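The primary structure of each chain is shown beneath.
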Amino acid sequence: MARPKKHPSLSSPLDVERVRRDFPALAQKVHGHPLVYLDSAATAQKPLGVIERLSHSYTEECANIHRGVYQLSERATAAHEGAREKVRRFIGAEKASEIVFLRGATEAINLVAQSYGRAHIGPGDDIVITAMEHHSNIVPWQMLAAERGANLRVAPMDDSGDLVWSEYQGLLGPKTKLVAFTAVSNALGTVNPVAQMIDAAHHHGAAVLVDAAQAVPHASLDVRELDCDFLVFSGHKLYGPTGIGVLYGKERLLRAMPPWQGGGDMILSVTFEKTTYAPPPAKFEAGTPHIHGAIGLGAAIDYLESLGLAAIERYEAGLLEYAESMLSRLPGLRLVGTPKRRAAALSFVLDGIHPHDIGTILDRYGIAIRAGHHCAQPTMQRMGVVGTARISLALYNKREEIDYLVSCLKEAQKMFRP
Amino acid sequence: MNPLDDLYQEVILDHQRNPRNFARLPAANRQAEGTNPLCGDHVTVYLDVADGVIRNISFEGEGCAIAKASASMMTAAVKGKTLTEASETFKQFHQMVTGGQDPCFDLEAMGKLAAFSGVSAFPVRVKCASLAWHTLNAAMNETEGPVVDSEIDKKPSE
Numbered sequence: 001m002a003r004p005k006k007h008p009s010l011s012s013p014l015d016v017e018r019v020r021r022d023f024p025a026l027a028q029k030v031h032g033h034p035l036v037y038l039d040s041a042a043t044a045q046k047p048l049g050v051i052e053r054l055s056h057s058y059t060e061e062c063a064n065i066h067r068g069v070y071q072l073s074e075r076a077t078a079a080h081e082g083a084r085e086k087v088r089r090f091i092g093a094e095k096a097s098e099i100v101f102l103r104g105a106t107e108a109i110n111l112v113a114q115s116y117g118r119a120h121i122g123p124g125d126d127i128v129i130t131a132m133e134h135h136s137n138i139v140p141w142q143m144l145a146a147e148r149g150a151n152l153r154v155a156p157m158d159d160s161g162d163l164v165w166s167e168y169q170g171l172l173g174p175k176t177k178l179v180a181f182t183a184v185s186n187a188l189g190t191v192n193p194v195a196q197m198i199d200a201a202h203h204h205g206a207a208v209l210v211d212a213a214q215a216v217p218h219a220s221l222d223v224r225e226l227d228c229d230f231l232v233f234s235g236h237k238l239y240g241p242t243g244i245g246v247l248y249g250k251e252r253l254l255r256a257m258p259p260w261q262g263g264g265d266m267i268l269s270v271t272f273e274k275t276t277y278a279p280p281p282a283k284f285e286a287g288t289p290h291i292h293g294a295i296g297l298g299a300a301i302d303y304l305e306s307l308g309l310a311a312i313e314r315y316e317a318g319l320l321e322y323a324e325s326m327l328s329r330l331p332g333l334r335l336v337g338t339p340k341r342r343a344a345a346l347s348f349v350l351d352g353i354h355p356h357d358i359g360t361i362l363d364r365y366g367i368a369i370r371a372g373h374h375c376a377q378p379t380m381q382r383m384g385v386v387g388t389a390r391i392s393l394a395l396y397n398k399r400e401e402i403d404y405l406v407s408c409l410k411e412a413q414k415m416f417r418p
Numbered sequence: 001m002n003p004l005d006d007l008y009q010e011v012i013l014d015h016q017r018n019p020r021n022f023a024r025l026p027a028a029n030r031q032a033e034g035t036n037p038l039c040g041d042h043v044t045v046y047l048d049v050a051d052g053v054i055r056n057i058s059f060e061g062e063g064c065a066i067a068k069a070s071a072s073m074m075t076a077a078v079k080g081k082t083l084t085e086a087s088e089t090f091k092q093f094h095q096m097v098t099g100g101q102d103p104c105f106d107l108e109a110m111g112k113l114a115a116f117s118g119v120s121a122f123p124v125r126v127k128c129a130s131l132a133w134h135t136l137n138a139a140m141n142e143t144e145g146p147v148v149d150s151e152i153d154k155k156p157s158e
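First to last, the sequence lines map onto chains A and B. Per the numbering used here: the first sequence = residues 1 to 418. Per the numbering used here: the second sequence = residues 1 to 158.
These aren't lab readings, by the way, just hints derived from the structure by calculation. Here the structure is a predicted model, which means the values were calculated and not measured. Hints should not be assumed to be uniformly reliable.
Distance ranges between label pairs, derived from CB positions [stated by the list, open to error]:
hint: 1; chain 1: B; residue 1: Asn29; chain 2: A; residue 2: Val164; range: 40 to 48 Å
hint: 2; chain 1: A; residue 1: Glu17; chain 2: B; residue 2: Asn18; range: 43 to 51 Å
hint: 3; chain 1: A; residue 1: Gly49; chain 2: B; residue 2: Phe22; range: 50 to 58 Å
hint: 4; chain 1: B; residue 1: Phe22; chain 2: A; residue 2: Pro123; range: 24 to 32 Å
Glycine included, each C-beta is placed from N, C-alpha and C at the ideal position.
Work out the full structure, taking the sequences as your base and the hints as a guide.
In structure tokens:
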């Protein structure tokens, strides 16, 4: 099934002032200053459309799904499954049954590690990841490797924060059973050559999981074009609610995988002797799911599609380039990670000022940034820093905010001047 | 006073630029490590204790201005004190930075450490100021294993 063509008007440039009015959180003040939110890679602010959709859902669709014989339950079920269909379309999956709703990207990776991984990875097998993974795409594989006697192999990156392609290729071989990597580094902003990485892994017969948590808010992607086997992301970084995330898996893989958690909703029939399991996605959605979270995520996708992913991508690329050039001009500031292609995030350190102190000072000027290791300690070690200050941009940020950030960083430098 | 100036007082900035007793202590007979897993800060505190007295103390590690200055000023404050006196200072310091002090708390008695009283207005930075002290406490009590300081210093109201 081909993805529907975008409405022509949707490719018009992003009007950031109009967009900002859609996000009520941006109107508030912090320590007496207008909020400048530069931490969307941690979680994105929510548009009014999502907030109102949640309110409507709790008001008029509050019932359990897949079981009620009454109208409220029918409405809730329709809205929940409607959200699954929106996710399917958003990432270009063939079938809605390939979309599993979970708590977030972390839970989705753990599911794949424990269900697919335990069934397919054995002693002496290799799991390949990269040096720029978030802890959520390291630890579940470490746990699996330890349990199964498999080896975790790490493809290195260079001083710019780019994957070393020859080393990545060199790691792949007949023992490689699974390759898991991030599409966009949360700590450095590196955009990986996802399609080529998948092709190379498939060449050796390995399954591929793409962590798209940092990628989906910033550019459209298509799981069938990429031909990834699994793809995961979190709703809250995509302007949706927390506690909801997505696992995409190819249907034949999901069907063959053993169930993960047992409980209601994931069964066809239960006796004390034997349980037969429902087909995916229900097989992996034991218990009452985060119904309203899924519905809210659907509303977030509606919102993004109303603006147009292409327009968002263009706008953010320009803003990120501006931020990179303004920050790199500041004496005493060093960018950590200067990848060939960047999305979402920009990490830096200031001479003589620890990232946490930068974070505290900026907060007093109303600016929210992330300071620390960004749940990517191996990435920090590779780049030779304990932590960084990280700004991450979203479709509602604007150039004036970057200018203000730079002037506040100068204030911090004045304060810490030797 | 601007709360930022209150947090980053000159004495704190001075200690973060030029930390005192910032080295390994070869003669140490007690030591402990402290880490803050949320931010990656870590500190090692070395003690040379004889007859219940801290004859010498030093620290190594990496952290923000507050963590570094706190460790530095701590070493200056407890050097030459008895273990009992140092424990008492730790309790007082802890009360001061968490804002949980008694009504009759004597800020002046804290000496230079009073510079950290501004930390109580920054709840997320309390753990930075107290990491070295928890680590000192572990070294004094010869506690096994590293000190993990993350949420333990939150204000009771949070």
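* **Indices of hints not satisfied (ascending)** => Structure breaks hint 4 only.
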